[in-house]
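Protein chains: 4
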Amino acid sequence: MIMRANTDSNRSAIFRAMLARPTTSFLMEAHNGLSAIIVQQEGFEGIWASGLSIATSLGLRDCNEASWTQVLDIVEYMADATTVPIVVDGDTGYGNFNNARMLVRKLCQRNIAAVCIEDKQFPKSNSFIGDGQELADLGEFCGKIAACKDSQTNSNFSVIARVEALIAGRGMSEALDRAHAYGEAGADAILIHSKKSEPDEILEFARLWKQERPLVIVPTMYYRTPVESFRDAGISLVIWANHNMRASIAAMRKTCRHIATTQSLVGIEEGLPSVKDVFNMLDYEELYAAEHRYLPAPEDNNSTTTALKLAV
Amino acid sequence: MIMRANTDSNRSAIFRAMLARPTTSFLMEAHNGLSAIIVQQEGFEGIWASGLSIATSLGLRDCNEASWTQVLDIVEYMADATTVPIVVDGDTGYGNFNNARMLVRKLCQRNIAAVCIEDKQFPKSNSFIGDGQELADLGEFCGKIAACKDSQTNSNFSVIARVEALIAGRGMSEALDRAHAYGEAGADAILIHSKKSEPDEILEFARLWKQERPLVIVPTMYYRTPVESFRDAGISLVIWANHNMRASIAAMRKTCRHIATTQSLVGIEEGLPSVKDVFNMLDYEELYAAEHRYLPAPEDNNSTTTALKLAV
Amino acid sequence: MIMRANTDSNRSAIFRAMLARPTTSFLMEAHNGLSAIIVQQEGFEGIWASGLSIATSLGLRDCNEASWTQVLDIVEYMADATTVPIVVDGDTGYGNFNNARMLVRKLCQRNIAAVCIEDKQFPKSNSFIGDGQELADLGEFCGKIAACKDSQTNSNFSVIARVEALIAGRGMSEALDRAHAYGEAGADAILIHSKKSEPDEILEFARLWKQERPLVIVPTMYYRTPVESFRDAGISLVIWANHNMRASIAAMRKTCRHIATTQSLVGIEEGLPSVKDVFNMLDYEELYAAEHRYLPAPEDNNSTTTALKLAV
Amino acid sequence: MIMRANTDSNRSAIFRAMLARPTTSFLMEAHNGLSAIIVQQEGFEGIWASGLSIATSLGLRDCNEASWTQVLDIVEYMADATTVPIVVDGDTGYGNFNNARMLVRKLCQRNIAAVCIEDKQFPKSNSFIGDGQELADLGEFCGKIAACKDSQTNSNFSVIARVEALIAGRGMSEALDRAHAYGEAGADAILIHSKKSEPDEILEFARLWKQERPLVIVPTMYYRTPVESFRDAGISLVIWANHNMRASIAAMRKTCRHIATTQSLVGIEEGLPSVKDVFNMLDYEELYAAEHRYLPAPEDNNSTTTALKLAV
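Residue numbers (this note's numbering), protein chains in the order written: chain A, 1 to 312; chain B, 1001 to 1312; chain C, 2001 to 2312; chain D, 3001 to 3312.
What the hints contain is simulated information worked out from the structure, not anything from laboratory work.
Treat the numbers as computed from the prediction; the structure is a model and nothing was measured.
Some hints could be false.
What the hints assert, rightly or not - Okay, derived cross-link-like pairs now, DSS-like style, lysine-lysine, Cα gap no bigger than 30 Å in a straight line:
no. : chain 1 : residue 1 : chain 2 : residue 2
1   : A       : 210       : A       : 195
2   : A       : 276       : B       : 1254
3   : C       : 2106      : B       : 1276
4   : D       : 3254      : C       : 2196
5   : C       : 2106      : D       : 3106
6   : A       : 106       : C       : 2106
7   : B       : 1106      : A       : 106
8   : A       : 254       : B       : 1196
9   : A       : 149       : A       : 106
10  : B       : 1276      : A       : 254
11  : A       : 276       : B       : 1196
12  : A       : 195       : B       : 1254
13  : B       : 1195      : A       : 254
14  : D       : 3254      : C       : 2276
15  : B       : 1195      : A       : 276
16  : D       : 3276      : A       : 106
17  : A       : 254       : B       : 1210
Stated by the list, open to error - Below, a sample of chain B positions facing chain C; criterion: calculated Cβ distance under 10 Å:
no. : residue
18  : 1139
19  : 1261
20  : 1294
21  : 1295
Even for Gly, the Cβ is constructed at its ideal location relative to N, Cα and C.
Chain A on its own, in the form it takes in the complex (with noise of 0.2 Å):
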């Protein structure tokens, strides 16, 4: 939790003047604490919450095996530690309206900027699973889409509606249509999917979607595309969804891998951050400060309270 800031900065404005930028923006994926805390070090101006990264990170399969107040857990963590928007995956909504309206209001309570929620049924599916998943009724959708808007407590709040028609193999047509509809049932954005290793599809669906609602993408299969190609498109928002994730486990593999065969920390230890290092991420200074400001001072202290040095 970060003490410094008395209030919140207003992230959700934030992130919707992001939303309304003529130029690209970029949210990073975390899915704990410490990998929020890292993206916002790093200088990117917001963070994905990503579900396929929160279900991993927890051991849990991305099916909705997390309940919803699970996830709610782990991202009010994330927003504790940080200052810059989130973005919070929230799947389909963990069940219809009524959940998808309740996740709102206590994602505005734990000062999240917006959530995205999808065109497909409880429990979900990763999109990278089979073919044609089947949808959400559009009619059904777009209710819940009203739902969660009207019952935003944050007026800056945004809901981002993603359309998985083209993953499901129902076409560049109905993709576009069920946009239009959940534009106009109140999504303040469109996330438009695809896993294909091109960007055809993306860059096909931006080239006709007319409707003002900024549009967002999640090129984890087509990334080898260069940013320009989605700048020119007029992207608003380019999301990298997962790596965060997946270069922990990298990490961590190979941390295990040297120490399990070598019965040392030599070789490792050397390319890691210090214990104090760490420290400093989470601001133990202010922990310091703060001892020195509500604790009493040695020499009056018949205190029991641990007192913490201003030494490491």
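Following the hints, position chains B, C and D against chain A.
Structure of chains B, C and D alone, referenced to chain A:
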């Protein structure tokens, strides 16, 4: 949640046997379900659920900012995702003997093999912060150990008593006295901790240690010492305490920096495990097989449940 | 948390034996740890953890506004505070077969004896609302039952399948067909539900029921029917489903009204259990005895732990 | 969760105004969402989220067996179900200044109006247990109050400092000294507690009290004292501290006993609120109206979402 095994292997018994072996065993740190899976997959016999790493991954500081039930939630994810023994860093037991024994009962219920409690005050500070942290009253801490032992619901559960006397600057004699008292109070093993960069005081302690209780060490600071020294000293268990957490920080920083700078995944994606690899780690195959078993065949299916297909 | 017993009595086995008895047994509703304690202390053999009552006590509506892990937290408190079998109202299993089997594993872990799942859609609606609620696909629900049975980690755990066909206006024939299918899929008992004020359809169902699976009923609406009718009909288990919750509402309303009106506790206090009585219910004596055992005697004590004294 | 209002009324400001009024105000105890709803519906201006009542309702003892986040979960349900100010019994703040200020931030986020913290040690004991419970160090407790005040994210949030000196047998002089120090440290009000059956020491304290800070009392033990005495003494706030919890115990015991003895609901059902009445308390009408708004009309609906109908 690992679905294959219907019954928990008796992890507590396995850990007890590890402690009883004449050889030196190793635990590797994990801090969430994902890192726990990696530790197991890379061949470690057991997992250290580090208080520092868990707090850090949540975005919190290592001074009991996370409540004991928040920590419990994390270690439950870890236990559900693995089958090897997990030893939980229980800090000071989160209060008095009553809090500590409640923790023990809950850890037993969550299939945790052992807990380590340290002889400091609640809220604790990380051992590597400051000098002369206040220790727990000897009698009180012995009562806490006894309460933990009397409350375990799994007869093979172990309570490891962590001696902070050396770190607190109280000297070798007090360290030994405390360790003996903790052993007599029922501790199944003694963790003797040091923050020196040389292992001398640890090795001296081991030499002077007469009791039968196994010794556990955490060579974070004296990491250059070869394992042979620990074996020769009769150390039962070596804990690699926080290296997965720190390795993930290094990797995520690097990943973020690259992507932020280049606005591209090229050059990063190639070094990451694929999404399919992630699915394999979490055993999505079990899910597809379970669908085949439990969901109606498509032709008979007027069900509304989204069916995952046997393909990625 | 009940601290006296070191091991859980096998509540699942006890409940299984209740179901197998030729006589009629009874479960009484509870919705939190306190009401569960009262149910046990007043002599009931088992506890019904009602979905409606739990939702209501949380201040939520009975349509899965509470997540499954929030419900799990509540029933864990209930299990920790009691020793008799608890049957959890698991609604529709909170999603598909995978969600349902995760629930079952967690309920087994929390010492729950049985779960009841109903053949409706997620999110569910309370059975007493509206007409013609949509039922689950038969094959899907049978698969869900099978998944639950295959996933239980306690061999004596029971899965009760709740048939909503009569309430949904689908007729006796479908009710019987579904019940037989559920039994063949592995259900340990069938709960046949009705919202009529007369027991006729329940008694007819029981008469036509040929399978060996025990029958369970919830006579909330046909409450005037004497228990003898149920005994004669061979009903195994009668659930008094929400009366503690409703009784507490009546009592709290009356108490609030009296105090608000009179601005005084006089006239109310006299009818209430004393604070000491409350302490006795929660076994504070165990706590004082534990202090005596685990805390240093005052003379030796330079501890800072607050010592409770053996007096109220 | 109350869905009607899109924004939280400023409960903290309302509570602050209650404290500032020259008249005596009243808070009524609640311990879960349901009891909180009843307190509000019966006309009380505010709710006391009692630590004893919450612990008891969970089936736990009033010595911090529940973690602070478990208590937070409960008060969040209470806040979501109501609109009047809630004052949370924060025990000793669950640790040192850092734990206490984290609590304050989370309470502000959950729309809680105020917290009361008491000058004892963690883990606390109920004030009605034993004699001479150890008090917090004066300087430490003042630092804790200051940390709480500095950390509130809602400027109208109040911190009430509870003085246990009279109960601990430390005398009137220490009680007054502590109260003044706490006021100077930033406490918005002083709760002066007593376990005597006569109000003399409370009234004397009020007479000797010079500071501007409002006084709060909890007349559980001296309940026969007429409210006029408190008004005359200038008491700002009277807390009826645990009577809903105790009333519910009496009612549930009686209900269980009747049903266990008679094996019938006859004679009980008639005195209980109907299920429909329960639905009204939780505003199911809002849900039906929302369905009408957000779900597709049945004719257009090939949706699979269960539709609630506008009837009971």
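Now the hints, each set against the structure:
1. A:210 / A:195: With Cα atoms ~23 Å apart, residue 210 of chain A and residue 195 of chain A stay inside 30 Å; holds.
2. A:276 / B:1254: It holds: about 19 Å lies between the C-alpha atoms, which stays within 30 Å.
3. C:2106 / B:1276: At roughly 28 Å apart (the allowed maximum being 30 Å), residue 1276 of chain B and residue 2106 of chain C satisfy the hint.
4. D:3254 / C:2196: Cα-Cα ~27 Å, so holds.
5. C:2106 / D:3106: This hinted pair holds, its Cα atoms lying about 28 Å apart.
6. A:106 / C:2106: holds (25 Å)
7. B:1106 / A:106: Holds: residue 1106 of chain B and residue 106 of chain A sit about 28 Å apart, inside 30 Å.
8. A:254 / B:1196: holds (27 Å)
9. A:149 / A:106: OK: residue 149 of chain A and residue 106 of chain A at ~13 Å, within 30 Å.
10. B:1276 / A:254: holds (19 Å)
11. A:276 / B:1196: Given that 30 Å is the threshold and the Cα spacing comes to 15 Å, the pair holds.
12. A:195 / B:1254: holds (26 Å)
13. B:1195 / A:254: holds (26 Å)
14. D:3254 / C:2276: holds (19 Å)
15. B:1195 / A:276: holds (13 Å)
16. D:3276 / A:106: The hint holds at about 28 Å.
17. A:254 / B:1210: Violated, at about 38 Å.
18. 1139: Where the cut-off is 10 Å and the nearest Cβ of chain C is about 3 Å from residue 1139 of chain B, the hint holds.
19. 1261: violated (40 Å)
20. 1294: holds (4 Å)
21. 1295: holds (6 Å)
Comparing the model with each numbered hint stated earlier shows that hints 17, 19 do not hold.
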